[in-house]
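Respectively, the protein sequence lines represent chains L and Z. Under this note's numbering, think of the first position of the first sequence as -17, with each following residue one higher. Under this note's numbering, think of the first position of the second sequence as -17, with each following residue one higher.
Keep in mind the hints are simulated off the structure, nothing from the lab. Possibly wrong hints are sitting among the right ones.
Identical chains blur together in the list; that is why a pair holds if it fits in one copy or across any two.
Here are the simulated DSS-like cross-link-like pairs (lysine-lysine), alpha carbons at most 27 Å apart as the crow flies [what the hints assert, rightly or not]: (1) K215 to K88; (2) K281 to K140; (3) K162 to K281; (4) K265 to K80; (5) K264 to K281; (6) K125 to K162; (7) K264 to K80; (8) K272 to K(-11); (9) K209 to K44; (10) K162 to K215; (11) K140 to K162.
Keep in mind that this is a model prediction, so the values were computed, not measured.
Protein chains: 2
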Amino acid sequence: MAAAIDKPIRFGILGCADIARKVTRAIHLAPNAVLCAVGSRSIDKARRFIADNAPHISTEVKAYGSYEEVLDDAGIDAVYVPLPTSLHVRWAVAAAEKGKHLLLEKPTALCAADLDVILAACEAGGIQFMDSTMWVHHPRTAKMRELLCDPDRFGQLKSIHSVFTFCVDTDFLQNDIRVKPDLDALGVLGDEGCFLSNLTIDLTVIGTNGTLRLHDFIIPFEEGSAKFSLGTKSWFNDLVTGWSSLPSEHVVTTDLPQEACMVNEFSRLVGHVRDSGSAPEKKWPTITRKTQLVIDAVKASIDRDYEPVEIVV
Amino acid sequence: MAAAIDKPIRFGILGCADIARKVTRAIHLAPNAVLCAVGSRSIDKARRFIADNAPHISTEVKAYGSYEEVLDDAGIDAVYVPLPTSLHVRWAVAAAEKGKHLLLEKPTALCAADLDVILAACEAGGIQFMDSTMWVHHPRTAKMRELLCDPDRFGQLKSIHSVFTFCVDTDFLQNDIRVKPDLDALGVLGDEGCFLSNLTIDLTVIGTNGTLRLHDFIIPFEEGSAKFSLGTKSWFNDLVTGWSSLPSEHVVTTDLPQEACMVNEFSRLVGHVRDSGSAPEKKWPTITRKTQLVIDAVKASIDRDYEPVEIVV
Chain L
-17 MAAAIDKPIR FGILGCADIA RKVTRAIHLA PNAVLCAVGS RSIDKARRFI
33 ADNAPHISTE VKAYGSYEEV LDDAGIDAVY VPLPTSLHVR WAVAAAEKGK
83 HLLLEKPTAL CAADLDVILA ACEAGGIQFM DSTMWVHHPR TAKMRELLCD
133 PDRFGQLKSI HSVFTFCVDT DFLQNDIRVK PDLDALGVLG DEGCFLSNLT
183 IDLTVIGTNG TLRLHDFIIP FEEGSAKFSL GTKSWFNDLV TGWSSLPSEH
233 VVTTDLPQEA CMVNEFSRLV GHVRDSGSAP EKKWPTITRK TQLVIDAVKA
283 SIDRDYEPVE IVV
Chain Z
-17 MAAAIDKPIR FGILGCADIA RKVTRAIHLA PNAVLCAVGS RSIDKARRFI
33 ADNAPHISTE VKAYGSYEEV LDDAGIDAVY VPLPTSLHVR WAVAAAEKGK
83 HLLLEKPTAL CAADLDVILA ACEAGGIQFM DSTMWVHHPR TAKMRELLCD
133 PDRFGQLKSI HSVFTFCVDT DFLQNDIRVK PDLDALGVLG DEGCFLSNLT
183 IDLTVIGTNG TLRLHDFIIP FEEGSAKFSL GTKSWFNDLV TGWSSLPSEH
233 VVTTDLPQEA CMVNEFSRLV GHVRDSGSAP EKKWPTITRK TQLVIDAVKA
283 SIDRDYEPVE IVV
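Throw the hints in and build the complete structure from the sequences for me.
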């Protein structure tokens, strides 16, 4: 793990969603970030969250009984916003207007038009924006990208197939925010593909020369190391009774779990803006907007009885 | 391996297709089968096939310069027919009419109507029919079925995803029978799903409680043992930074490669008919017909611009 830096990025969290526990620990683990405040609509809830997450929160962290107080705290550089999607425009824009850099939980917006309001506020305020998609920050993903870009080992991309399902109980189907149209109106579309099957997270990418597979691409099976397999120029033996070469396993270790890698990268960029007056890095909001355009297109396709929908970037 | 039986099933082969080499070895390995004749349109080709496959063929095997001579040989119990699909009706019916039990290479027919002509001839002649789909005979498949039927470990079936692609060269795209409409008119539909990607053979079956995966379901990576994985009631750890349980690996060993298991099972059934006067086993032609109905439906869907097509069994 890298040594802690002198002036870590000071985080506030808006809301005590379940996933905030994970990001709280990630802020704790990232060497360039520190959690300074937690805001909730109820100060008791904020205090309980802090108490429940004690191993990952310093005793100096402040509890606020509103989101506004976090945004008004001059000691906060950046906010992590895990509120329900329908509240994102209001609070993300408010954060940007208060000069807080923004790590926004996914799905980031209900539609591209909403996202554009958020991104425009960030642009106007010189705010670093990043959505809270974690797996792309795992060093495994960089290794996968390297191999997928190898014309010899992978070749030309031919198909991508991914699955994300999990099985939920009655309580989830009645009470989770993802089944509440007024909270997370995108439902399964904004998160998992399906709620009714055993937990499965698969990604298979097939090219002319290679086949890359992993079965835990969003959440790695284990924190410290993650693997994927790559078959290259696969073929059968002479009698087609077996394969002449087997897919190779690639194991990528990491000192930080992927969500801490994310916080670390976000904080690094925020540090550039805060300490060096750099412009915010546009790579991340650009990726977020592409993701949103795909979600919008899938939604439009569903509304049009699964007709193909063209995506115009 | 089981001991060779006293009166093995005596096989003839119609045609010297590449895949006949594999089945020749399978007949050699199966304890209840023996190859007695190879017929080709050219006797030189039949002789060359016998010479080239010497390690798996007894010196007493006969070479015939026509398919008819194989069918007229009273010393032959059963024929394996690896001819191009467009020739199946003619030669499969001829074999049935000559009282030869029939192991027919896949795809078995161009359409269900053609297949029904073949199956009617088998029915009329008391002929045992089996298509030459090999992987279903691997003991791994039986183990998979057992787990897929387990309501606790797998639950209710929710989705099946399978892939079979391989990458071909220019010679294949110009000369293989699968690109010749007059030979194998079903093309990729009757065999692989796609010719333009790295060799990939995946099967993922997801149920309410379980996820079963294998990456070599048609041709196992290795002959002697094959594996698959099953995740059951998979879930994350408390902070969703990893999984609380990992998929388990199941390894199934086999004395006979799957194609020899197939010959063994076919020969066992033929033996019942030949030696005990039993009726042919209807399970296998029933499965073949279901497969054909699916192929017909996919073809109809393609012809109708990918509209859904209902399958009536």
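Going down the list of hints, with the structure as the test:
| no. | hint | in the structure |
| --- | --- | --- |
| 1 | K215 to K88 | between (37 Å within a copy, 26 Å between copies) |
| 2 | K281 to K140 | both (24 Å within a copy, 22 Å between copies) |
| 3 | K162 to K281 | within (17 Å within a copy, 41 Å between copies) |
| 4 | K265 to K80 | within (22 Å within a copy, 72 Å between copies) |
| 5 | K264 to K281 | within (26 Å within a copy, 47 Å between copies) |
| 6 | K125 to K162 | neither (38 Å within a copy, 41 Å between copies) |
| 7 | K264 to K80 | within (20 Å within a copy, 75 Å between copies) |
| 8 | K272 to K(-11) | neither (33 Å within a copy, 68 Å between copies) |
| 9 | K209 to K44 | neither (39 Å within a copy, 53 Å between copies) |
| 10 | K162 to K215 | between (47 Å within a copy, 25 Å between copies) |
| 11 | K140 to K162 | between (37 Å within a copy, 24 Å between copies) |
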